[in-house]
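**Q** Sequence:
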Amino acid sequence: MLAQNQIVIRGARAHNLKNINVTIPRDKLVVLTGISGSGKSSLAFDTIYAEGQRRYVESLSAYARQFLGQMDKPDVDSIEGLSPAISIDQKTTSRNPRSTVGTVTEIYDYLRLLYARIGRPHCPKHGIEITAQTVDQMVDRLMEYEERTRMQILAPVVSGRKGEHAKLLSDIQKQGYVRVRIDGEIVELGETITLEKNKKHTIEVVVDRIVIKDDVRARLTDSIEQALKLSGGRVVIDVIGKEELMFNANLSCPECGFSMDELSPRMFSFNSPYGACPECDGLGSKMVVDPDLLVPDRSKSIEEGAFEAWAGSTSNYYPQFLASVCRHYNIPMDVPVSELTEEQMKIILYGTNGEKITFRYENEFGRTREAVVPFEGIIGNLERRFRESPSDSIREYIEQYMSSSPCEACKGKRLKPESLAVTVGGKNIAHVTDLTIEEAQQFFNELELNEKERMIAGLILKEIQERLGFLNNVGLNYLMLSRSAGTLSGGEASAFGWLRRSDRD
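Residue numbers (my numbering): -16 to 488.
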């Protein structure tokens, strides 16, 4: 007979628990300790508390139970000596994939401010520190274009700001300007212009329209100076039918003419379109079709349905398309996929690179149609449909063949190249967030700044070092600032809650 003053757990298997047996004394203060991920919360909350709460709810009437959430039975063989229980749950962090240790502790907010205030911009292509560009250098760059090249000189006066901007447009018209480009479209200032108040807009004044020829240098110089004065140091050159250049009187590369806007905190935010990598939208990773998930059994042939995503389709369209590709390239359909050559697999998975093939399709009514079309490949087809399909069921079906992969453009760093080209102490912001708490604290302790930089960044660095010091003191020195908040344990998340609470106090 078991003692009545004990809680006896046998075979607990919730989450990280591996068939644990434990006996806990009743009416005592019991503390569960262990490293992160060892199963403390799984035992306390998901096993003991879950069973106690479930038993309590089951003891109530059917009327009372309808107002209470019914908890599932925990994965445990038996629990004896248990009474009804209450719990004070741990602080949980956001499961948003954009949240990181740096963002939830607000350290990243101060890092963005630090890089915007004392960061040193470099050319992403050449690595040269960007310096101010003179008007003569801008004119020389434009005079390199072929004669008769047409271009517009634009002065950006609003960049991504909400509002109707009615007064600004009126003032521009009073200064004698005739046209502006609003969100990419040329508009006559004499027309009635109504902008959505809650939508972000970009407004550029058309200062001049120029055709490149030998005697245009003086006019081009005057127009650029006028645009720089109007915009506060920036000018956009719209080379008609070719490209668009941006020059900055403050920041530009002497080698290639690359220009950068004035540094601002939003440039270093992966949650803002002004800083986020355009390929992955600041996530650092993309969902892509995984060939291993697409072809789980390479001992099967194409006829036997080796390519599951297309073989399992309810339509005959895709299997017949694949058969046409195999006929065109003499790819055998009756041999195991493992025996196909690398080139044959490349054609099937990634397509014909624009080369067209004859495709014959017989629909369910027996009608045959023929077309000469390029083949985009099974992977290309699935990724395109995943992006474009409005159907949730189709997206869910394709998603089972996909896995998360680091973004090829930013290499998982989440930011645009120009944002990653700004350094403090010789390191960009992504390098700093890839450090552990302990390493980051050491980096800032050893950071060498000149007198002007120390004066500007003094208070910002104080806030960063205080937060890093707190996390280091509570034993979280091993966490990286770039680690996803969704992967943190309850105990780690609770420490962040204390950090924010102490900051308010």
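Careful, some of the hints might be misleading.
[Claimed, not checked] Below are the DSSO-like pairs computed for lysine-lysine, each with C-alpha atoms no more than 27 Å apart in a straight line: (1) K108 x K410; (2) K445 x K269; (3) K11 x K56; (4) K196 x K183; (5) K108 x K394; (6) K196 x K157; (7) K182 x K150; (8) K145 x K196; (9) K225 x K196; (10) K283 x K225; (11) K150 x K56.
Think of the hints as simulated: they come from the structure by calculation, not from any bench.
**Q** Determine for every hint whether it applies to the structure shown.
**A** Against the structure, the hints:
1. K108 x K410: 16 Å, holds
2. K445 x K269: Not OK: K445 and K269 at ~36 Å, beyond 27 Å, violated.
3. K11 x K56: 25 Å, holds
4. K196 x K183: Distance of about 37 Å is beyond 27 Å: violated.
5. K108 x K394: At roughly 16 Å apart (the allowed maximum being 27 Å), K394 and K108 satisfy the hint.
6. K196 x K157: 31 Å, violated
7. K182 x K150: Given pair K182, K150 holds - Cα atoms ~17 Å apart, limit 27 Å.
8. K145 x K196: This hinted pair is violated, its Cα atoms lying about 39 Å apart.
9. K225 x K196: 17 Å, holds
10. K283 x K225: Violated: K283 and K225 sit about 50 Å apart, past 27 Å.
11. K150 x K56: Answer violated: K150 to K56 is near 65 Å, above 27 Å.
Violation of the numbered hints given earlier is confined to hints 2, 4, 6, 8, 10, 11; the remaining hints are satisfied by the structure.
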